[in-house]
Amino acid sequence: MRPKIARPTGIRAVVLLALGSVLLAACGTTPATHHSAAHHSTHASAPPTGNPSSQVTLNEAGSTLIYPYLQVLAPEFNSAFSNATLAPGPGGSGLGINDAIGKLVQMGGSDAYLSPALAAANPTLLNIPIAISSQAVNYNVPGAPDFLKLSGTLLAQMYEGKITNWNDPKIAALNPGATLPNLAVVPVRRLDSSGDTFIFTSYLTATNSAWSSGPNEGTTVTWPPVSNELTANGNPAMIETCHGTPGCIAYIGVSVEDTAIETGLQEAKIENKSGSFLTPDQTDVTAAVAAAAGSTPSDLRQSLIYSPGTNSYPIVNFEYLMIQEHQSDSATAQAIRTFLDWAISPTGGATSGNLSAVNFVALPTLVIPKVETAINKITG
Amino acid sequence: MLRRRVGAGGNAGPYSAPSIGRRRLADGDLTRRDRFGRAICLAAALVPAALLLFLAGEIISEAIPVFTYSGWRFFSGQIFTFGDLYATTLSHHNGITAPHGAAYGALPFIVGTLASSLIALAIAVPVAVGAMLALTERLPWRLRSGLSVFVEVLAGIPSVAYGFWGVLFFGPFLAHDIYPGLSRVLAFIPPFRGSVGAGEGLLTTSLVLAVMIVPIIASTTRELMRTVPILAKEGAMALGMTPYETFRVVTLPYVRRGILAAAVLGWARALGETMAVLMISGDLLNRLPSNIYGPFSTLAGTIVDLLDSALTDATGMGVHALAALACVLLIITVATNLLGRIIIRSAAGDLVLPIGRGI
Amino acid sequence: MRGVFRTVRDLAFWSLCILALLVVVAPALAIVGGLLQQAWPALNFHLITATTANGGLQNAILGSLLLCLGVLIVAGPIGIAGGIYLAEFAALRRGSLLRLGYETLAGIPSIVVGFVGYIVLAQALHWGFSLLAGILALSTLVLPYVVKTTEVALIQVPTTLRDAGSALGLSRLTTLRRAVLPPAIPAIASGLVVALAISLGETAPLLYTVGFTDQNPTLDLFHSPLAYLTYVVYLNSTLPTKLEHEVAGAAGVVLIGLLLLLIGIGRAVARWSARYSASMIS
Numbered sequence: 001m002r003p004k005i006a007r008p009t010g011i012r013a014v015v016l017l018a019l020g021s022v023l024l025a026a027c028g029t030t031p032a033t034h035h036s037a038a039h040h041s042t043h044a045s046a047p048p049t050g051n052p053s054s055q056v057t058l059n060e061a062g063s064t065l066i067y068p069y070l071q072v073l074a075p076e077f078n079s080a081f082s083n084a085t086l087a088p089g090p091g092g093s094g095l096g097i098n099d100a101i102g103k104l105v106q107m108g109g110s111d112a113y114l115s116p117a118l119a120a121a122n123p124t125l126l127n128i129p130i131a132i133s134s135q136a137v138n139y140n141v142p143g144a145p146d147f148l149k150l151s152g153t154l155l156a157q158m159y160e161g162k163i164t165n166w167n168d169p170k171i172a173a174l175n176p177g178a179t180l181p182n183l184a185v186v187p188v189r190r191l192d193s194s195g196d197t198f199i200f201t202s203y204l205t206a207t208n209s210a211w212s213s214g215p216n217e218g219t220t221v222t223w224p225p226v227s228n229e230l231t232a233n234g235n236p237a238m239i240e241t242c243h244g245t246p247g248c249i250a251y252i253g254v255s256v257e258d259t260a261i262e263t264g265l266q267e268a269k270i271e272n273k274s275g276s277f278l279t280p281d282q283t284d285v286t287a288a289v290a291a292a293a294g295s296t297p298s299d300l301r302q303s304l305i306y307s308p309g310t311n312s313y314p315i316v317n318f319e320y321l322m323i324q325e326h327q328s329d330s331a332t333a334q335a336i337r338t339f340l341d342w343a344i345s346p347t348g349g350a351t352s353g354n355l356s357a358v359n360f361v362a363l364p365t366l367v368i369p370k371v372e373t374a375i376n377k378i379t380g
Numbered sequence: 001m002l003r004r005r006v007g008a009g010g011n012a013g014p015y016s017a018p019s020i021g022r023r024r025l026a027d028g029d030l031t032r033r034d035r036f037g038r039a040i041c042l043a044a045a046l047v048p049a050a051l052l053l054f055l056a057g058e059i060i061s062e063a064i065p066v067f068t069y070s071g072w073r074f075f076s077g078q079i080f081t082f083g084d085l086y087a088t089t090l091s092h093h094n095g096i097t098a099p100h101g102a103a104y105g106a107l108p109f110i111v112g113t114l115a116s117s118l119i120a121l122a123i124a125v126p127v128a129v130g131a132m133l134a135l136t137e138r139l140p141w142r143l144r145s146g147l148s149v150f151v152e153v154l155a156g157i158p159s160v161a162y163g164f165w166g167v168l169f170f171g172p173f174l175a176h177d178i179y180p181g182l183s184r185v186l187a188f189i190p191p192f193r194g195s196v197g198a199g200e201g202l203l204t205t206s207l208v209l210a211v212m213i214v215p216i217i218a219s220t221t222r223e224l225m226r227t228v229p230i231l232a233k234e235g236a237m238a239l240g241m242t243p244y245e246t247f248r249v250v251t252l253p254y255v256r257r258g259i260l261a262a263a264v265l266g267w268a269r270a271l272g273e274t275m276a277v278l279m280i281s282g283d284l285l286n287r288l289p290s291n292i293y294g295p296f297s298t299l300a301g302t303i304v305d306l307l308d309s310a311l312t313d314a315t316g317m318g319v320h321a322l323a324a325l326a327c328v329l330l331i332i333t334v335a336t337n338l339l340g341r342i343i344i345r346s347a348a349g350d351l352v353l354p355i356g357r358g359i
Numbered sequence: 001m002r003g004v005f006r007t008v009r010d011l012a013f014w015s016l017c018i019l020a021l022l023v024v025v026a027p028a029l030a031i032v033g034g035l036l037q038q039a040w041p042a043l044n045f046h047l048i049t050a051t052t053a054n055g056g057l058q059n060a061i062l063g064s065l066l067l068c069l070g071v072l073i074v075a076g077p078i079g080i081a082g083g084i085y086l087a088e089f090a091a092l093r094r095g096s097l098l099r100l101g102y103e104t105l106a107g108i109p110s111i112v113v114g115f116v117g118y119i120v121l122a123q124a125l126h127w128g129f130s131l132l133a134g135i136l137a138l139s140t141l142v143l144p145y146v147v148k149t150t151e152v153a154l155i156q157v158p159t160t161l162r163d164a165g166s167a168l169g170l171s172r173l174t175t176l177r178r179a180v181l182p183p184a185i186p187a188i189a190s191g192l193v194v195a196l197a198i199s200l201g202e203t204a205p206l207l208y209t210v211g212f213t214d215q216n217p218t219l220d221l222f223h224s225p226l227a228y229l230t231y232v233v234y235l236n237s238t239l240p241t242k243l244e245h246e247v248a249g250a251a252g253v254v255l256i257g258l259l260l261l262l263i264g265i266g267r268a269v270a271r272w273s274a275r276y277s278a279s280m281i282s
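Residue numbers (our numbering), protein chains in the order written: chain C, 1 to 380; chain L, 1 to 359; chain B, 1 to 282.
Only chain C is shown next, with the shape it has when bound in the complex (with noise of 0.2 Å):
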């Protein structure tokens, strides 16, 4: 089905437009992509998208907290357009940031933005969120009840190892009436440079001073020495290592958070700005956005972290990818202009089946077309 476009701003967009359909009429696809060109009302001449002219595959690596998101988004990207092949990776947000920055793959997945001084050294690496993506928190206690309620001070006080049992009075006193084992606290963390890391510490950061003055934030911190903490190297390793460690503590990114269950992992409430205790769903998450989505800056680097409000979940976050502006060649900045253009339209990628396969939340309308803006900044 494809929608009228009315384009107010003249002859060359709609001259624009027509050789693109008449490019996609040829080549036989569907032109799902043309739905957000309505956002483009100030854009004079938007870069072309559809189906590329030759074979281009999108490489991508990084955070493996978006990744099964792209998982189910590439499937379905790949047959809407037989031109391009979408190949994403795991690898943590880390490796994500640094093969965009080395070009060794055409979108790095990271749910962390770059860092300031990265930023500063790489000016023209876009951060390009397409979904809205949030964390838990889960342990390991047999015998403690589900949904144990947790505050950031009691986090990062575990996490510095200066609470180091689950019967400990400061837990006892936020979920009285919870019957707490005598088990050891056993931290895990990420080990890997991950983004998930970034979004944990900012939250510990934002609700402690101790912890801001201390590791602060960031997709590597200086973990305090905790001599039982262990490590793993992605969100499904922090599902097994903490699987296979009672007592353990573990964030991990919420599109991997039904197997975490499954596996027999407890979920914790986390507390927000307003005192309130809460999982991640749809609701909290789509709360916690809203009050953050006027304030987006340009460059789309916001933490989301901490939001106000009642409702509001306090570990959410964009999901970026990272892209250079400058493509090899144009084929290929055309592939990743329609992917993204694709990704965050409700008609193709960002379907709330799609997204609720993963508890991702779509981007916010006002964000929309700032990201529109950085996609047609991709040239080739």
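Do not rely on the hints blindly, as some may be mistaken.
Stated by the list, open to error - Here are some, though not all, of the chain C residues that point toward chain L, as calculated from beta-carbon distances under 8 Å:
hint : residue
1    : V72
2    : A74
3    : N98
4    : S115
5    : A144
6    : S193
7    : E217
8    : T220
9    : T222
10   : W223
11   : N228
12   : T231
13   : H243
14   : T245
Hint data in this document are derived by calculation from the structure and do not stem from the laboratory. Since the model is a prediction, treat every value here as computed from it, not as a measurement. Beta carbons: idealized from backbone N, C-alpha and C, even for Gly.
Since the structure of chain C is already known, use the hints to place chains L and B on it.
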């Protein structure tokens, strides 16, 4: 013991060629094609040395900024961190700029590498030597080739397969069945006390490393046992010595130095082992291991673990820090390799030693 | 008459030694057994027809084989030529120096080679994750073995053959080609087999030079991440589901199967060329 070298023709020094049937022909009769061929072969023979110099040079030059920044604290400091990479301030020291809060102390990794490899060696040498003794001296010779196969199997198994076995089978088995008992029985020795963990740690890693280096020591021992003169052994038996006494009095002096050299080579292998250690060491950061069951880190494992984190450091010091770890590892392994070869060449010049993995 | 003490001591010592032998045999069985046990449900044709994105191993097997082929092409000729120089042409001191060079190279940990490969080849030369970077890293590790086995093989050939060639007025190269090399070929072939076996089993040098991908390998030398079997074992061992452990075990079993195949090919080549050179001499 005195050993005559056959066909020696002037061989001397630790790196001379084995002297079996070797005699140099005069160079005066080389044709043009011969000289051309020789030049090509010389170029090829220079490639390993050139690669070695290139690798060493590259690692050392990448590592120098961190040595300048941290000085001796690199070897004594326990905290290894790239700093606060999302901060906007930087720290300067000795003319080098690094991220705010960066500290490059490699002591836990050096201790971890040395501890795991030495424990592995202490276990592997008696086991390998004892096993080969049993095979060559005591058991019927028909069993020899059959049982030797197991040594070759161990040598050929890739190190990720060792890690797989350690993570999924051996580690959990040790943690559930062996360690609780061990920590009770040996509780009077401090490192054996305390929490037993889930199987990923120093003792498990050392045990798996021991299994990995057994082939090097075993195959060298087996070769060495063959060089012992039969007449001396038979004489001892004729005098009424038990097989054990024959071994101790006659065989051991012949093979002692060779076993020492093989042990040193096995140690070098354990020092450089990366993948299996990565999978079962638990990767502890910023502190020394608290007991023998707990997680720890090694130089090689940390390089793999932290490389993608290091690359997000825009100042570049992260990569330099890992290069410094690689530099220390390189120096330790090269030194132990050279030591092993010097020991063997000065003792049993004709023995062809295994290199690297010992296959 | 032997004293009781001596007999008991003798018995005790050899019991310990036989125990040690069992300790050597047991892990070999345990590791192979463990791999087979984990891999058993996954061992079917799906492994060869599907890529790692769908629980198969096709791209990993092809990638590993491609890397082996590359190592054979790069390290084989250089190593053999180097070994020939050391055995046939080198003066004593120069030979010792070169020998020191390759034995030290053999001792360098594979992660250091991979690290330098990443810094120099993938980053500084902008090759990205590439087939060529992986081949060069593996060749660096494997070269000492090829040089060494070639050298030892040639030294084992009796000098009478060289003398005979010289007496007949043949040039050095011709004697090498016709008389000295053929008897040495079985040993050289086994050296190459060892080299390939090592390439199959290595991971650390490939982690940051070749990357990983779920696609089948292309023959591009640059900007071409590959899959390889050892990485599948490494990665999947840390993942939570049973299926992933099974794929890891299957990758391990395929690896060991390929190693056995290599050893078999090596032995066959050795036997064939032994027969060939025997027919030449007699």
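Checklist entry - In ascending order, which of the hints set out earlier in this document are inconsistent with the structure? => result 1, 2, 5, 13
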